[in-house]
Amino acid sequence: MKIKVLAVLLVMTAGVALAGPMSVQVRNGKVRATPSQLGKIVATVDYGAQVQAGDVQNGWYPVTLPDGQTGWLHESALTKKRIAMSAGTSDAATGVSSDEVALAGKGFNEQVEAKMKADGKLDYTWVDRMAAFKVTEDQIASFRAQGKLPGGAQ
Amino acid sequence: MNGRYLFAAIAVVGLLGTVLFCGCEGVGDVGAEIGRATGVLTDDEAESVRRGAQAVEKTFQDLTPEQEYYIGRAVVAEVLQSYPPLDRPEANDYLNLLGQSLAVFSDRPETFGGYHFLLLDSDEVNAFAAPGGLILVTRGMIQCCQSEDELAAVLAHEICHVSLKHGLSAIKQSRLTSAFTIIGAETAKQMGGEELAALTEEFEGSVGDVVMTLTTSGYSRKQETRADAGAVEVLRRAGYPETSIMTMLARMDERLSHSGGLGFAKTHPSAAGRAQTLSSKVVDTGAGVNAVRQQRFTAAMQSIIAGT
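For the record, the sequence lines run as chains L and Z.
Counting from 1 along the first sequence, just add 339 to a position and that's the residue number in the numbering used here.
Counting from 1 along the second sequence, just add 4 to a position and that's the residue number in the numbering used here.
It is worth saying that the hints were derived from the structure and are not from the lab.
None of these values were measured; they are calculated from a predicted model.
The beta-carbon is built from N, C-alpha and C at its ideal position, and this holds for glycine as well.
Do not take every clue at face value.
To be verified - Computed list of chain Z residues with no C-beta within reach of chain L, every gap over 12 Å:
(1) Thr46
(2) Glu199
(3) Thr271
(4) Thr281
(5) Gly311
Unchecked claim - Simulated pairs of lysine-lysine, DSSO-like, Cα-Cα distance not exceeding 30 Å:
(6) L:Lys456 with Z:Lys285
(7) L:Lys419 with L:Lys379
(8) Z:Lys226 with L:Lys460
(9) Z:Lys169 with L:Lys456
(10) L:Lys419 with Z:Lys176
(11) L:Lys420 with L:Lys379
(12) Z:Lys285 with L:Lys460
(13) L:Lys460 with L:Lys473
(14) Z:Lys270 with Z:Lys176
(15) Z:Lys169 with L:Lys460
Okay, chain L solo, but in the shape it has when bound (with noise of 0.2 Å):
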């Protein structure tokens, strides 16, 4: 017991980054050459995909991906629980329990949104379109210079 306590206090106390795996939780999760907002972008990662993280340091995990890059992904891209990538897999199956494991696209997804649409009681025209705004790193970059805004602090 006291040697568990001991095991225990050692590695609290000791700061050593526990690696473990963490999936990501968003379509494209930005893997960053430093833990910030504005630190280049070095890799993207897709829904699903597995990483190895340590210990996160004011929202940023430091992250291995599966071909060894390494980076910083924030907190908010990723989620302890595993991904698997087809709905219906059989959780049991493998012995881990639903709640450690979210399904990508179970639920309110894909198939909903065309019964929506095929129901014809939604138009997501507009929707398409807003989602396809899209804003670059370096048009960010180069927005926030012209503006002179300081920081990009945490």
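Position chain Z against the provided structure of chain L, taking the given hints into account.
Below, chain Z alone, put in the same frame as chain L:
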């Protein structure tokens, strides 16, 4: 009713009560296990009890970012039925540039589909934040702003409603429980017709709850206060003067006092009250008006402000 079904009914009712009144977790598993171990429930029935109890335990916080995204899309589609979009590419491009450059500084910079902004062709002074990051701003609200900094304050406030999931919190718990029950029971890759119809009904109801809150009933005063405080933080991180939210609120107070309680005034606490609550949090750095920001705001929005 035979003994097994009676047990199942008692188990579910008991679990509901326990969860609702004690907030205990995992009681569904306990109940199901007791039923299974005593042979009163079959494995399938025990699983069903467990799923039912798990669904009751879930709240809007358990909706995944992907589900939030689909709710947000439908919310926008529904709001657009009453508020037509304003098809001004230059103004919408500027709005997105400003909005997305602020959203990266929110506590939740990444959502499933990202942040996107659209102008609405309405004189009403209003703005709506749909779950997931789709934000709508009326022409009337733009006319209320006299600078990029003030528009930034409006957008930062709406971004905070998204990051704090205020839209999702408007969904009635009973709908979520029904939806999570259906989701929990779904095992096939594609939902069957009945499940899909039932889930779509809960989806429509959920979207309706959010739209009702956005357009008619409004968020709670506490939620508005939190979004205001969050907006100050976003403005500070992004380098905009925090005082811009105070000038914006003063301008809205002036304008809304003549609006007869429509739009924003209907769904938000008074601007003067909000400013008073916020005053202790705002730091005045004495930053003046930046000429470039003023020029680009005017260039993008002048025709809208002029009403042409």
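Against the structure, the hints:
1. Thr46: 15 Å, holds
2. Glu199: The claim breaks: Z:Glu199 does not keep its Cβ more than 12 Å from every Cβ of chain L (closest is about 10 Å).
3. Thr271: At about 21 Å from chain L, Z:Thr271 clears the 12 Å cut-off, so the statement holds.
4. Thr281: 24 Å, holds
5. Gly311: 22 Å, holds
6. L:Lys456 with Z:Lys285: Since the Cα atoms of L:Lys456 and Z:Lys285 sit roughly 45 Å apart, the hinted pair is violated (cutoff 30 Å).
7. L:Lys419 with L:Lys379: 25 Å, holds
8. Z:Lys226 with L:Lys460: 33 Å, violated
9. Z:Lys169 with L:Lys456: Roughly 25 Å separates the two Cα atoms, so the pair holds.
10. L:Lys419 with Z:Lys176: 27 Å, holds
11. L:Lys420 with L:Lys379: Cα-Cα ~27 Å, so holds.
12. Z:Lys285 with L:Lys460: 44 Å, violated
13. L:Lys460 with L:Lys473: With Cα atoms ~27 Å apart, L:Lys460 and L:Lys473 stay inside 30 Å; holds.
14. Z:Lys270 with Z:Lys176: 21 Å, holds
15. Z:Lys169 with L:Lys460: 25 Å, holds
Comparing the model with each numbered hint stated earlier shows that hints 2, 6, 8 and 12 do not hold.
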